[in-house]
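Please model the complete structure; the sequences and the hints are all you need to start from.
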Amino acid sequence: MKLEAIINQPVIETERFDLRPLRRSDMGLIEHYAGDERVARMTTSIPHPLPPGSIEAFVTRAMAEDRDEDVWAMDATKDGGPELIGVISLKRLDRNQSEVGYWVAPLYWNTGIASLAVEALVQANPLENATMFASVFQDNPASARVLTHCGFQYLGDAESFSVARDANVPTWTYSKKL
Numbered sequence: 022m023k024l025e026a027i028i029n030q031p032v033i034e035t036e037r038f039d040l041r042p043l044r045r046s047d048m049g050l051i052e053h054y055a056g057d058e059r060v061a062r063m064t065t066s067i068p069h070p071l072p073p074g075s076i077e078a079f080v081t082r083a084m085a086e087d088r089d090e091d092v093w094a095m096d097a098t099k100d101g102g103p104e105l106i107g108v109i110s111l112k113r114l115d116r117n118q119s120e121v122g123y124w125v126a127p128l129y130w131n132t133g134i135a136s137l138a139v140e141a142l143v144q145a146n147p148l149e150n151a152t153m154f155a156s157v158f159q160d161n162p163a164s165a166r167v168l169t170h171c172g173f174q175y176l177g178d179a180e181s182f183s184v185a186r187d188a189n190v191p192t193w194t195y196s197k198k199l
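All the letters of the sequence shown, read from the start, carry residue numbers 22 to 199 under our numbering.
No lab work stands behind these hints, which were simulated from the structure alone.
Do not take every clue at face value.
[What the hints assert, rightly or not] Using C-beta positions, here's what the derived DEER-type ranges look like:
(1) L176 - R113: 17 to 27 Å
(2) E86 - A179: 28 to 38 Å
(3) G56 - A188: 11 to 21 Å
(4) N117 - P72: 16 to 26 Å
Think of the CB as a built atom: it goes at the ideal place given N, C-alpha and C, for glycine as much as any other residue.
Have a look at this one:
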């Protein structure tokens, strides 16, 4: 029997779901949802179509001791839902800062899940950051509303490369002092 490594990353509880470290058993649902072009196109890093092994590599990186990004599954089992309805992460930056990234399975869009997850992560502040940043594609105003709802302030326009779109895409950048 092979046991999974214990990740030095907290579980963050909300009323509707928990944010917990990824585990290998999440790979199937991550692949199912991240393989949806609607999800991939709203991220910088998810390719579409997904190449073989990409989700396994993602989960392996998320579970590594020397990772530079903490990744949590949005686990809805406490509310009778699936083990994974989305993913949220904090990527470590310099000067006690991090960048928030998230995606939610399309079935759960417009249900408040993303706002609740970002709010819980900000309140827990597991990396004890002074500032958190986030950026969203300008053609995704729902994600922009999530950030402003959670107290993030608009910083300005930029652009980021989207692997799924194979193009630079205009973004809005936000920050939150903690």
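Kindly confirm whether 28 to 38 Å is satisfied by the beta carbon distance between E86 and A179. Holds, since E86 and A179 (Cβ atoms, about 32 Å apart) stay within the stated range.
Between L176 and R113, does the beta-carbon spacing fit 17 to 27 Å? For L176 and R113 the Cβ distance comes to about 19 Å; the hint holds.
Within 11 to 21 Å: is that where the Cβ-Cβ distance between G56 and A188 falls? Given range 11 to 21 Å: holds, Cβ gap about 20 Å.
Quick one: are N117 and P72 within 16 to 26 Å, going by C-beta? violated, 35 Å
Taken one by one, the earlier hints fail for this structure only at number 4.
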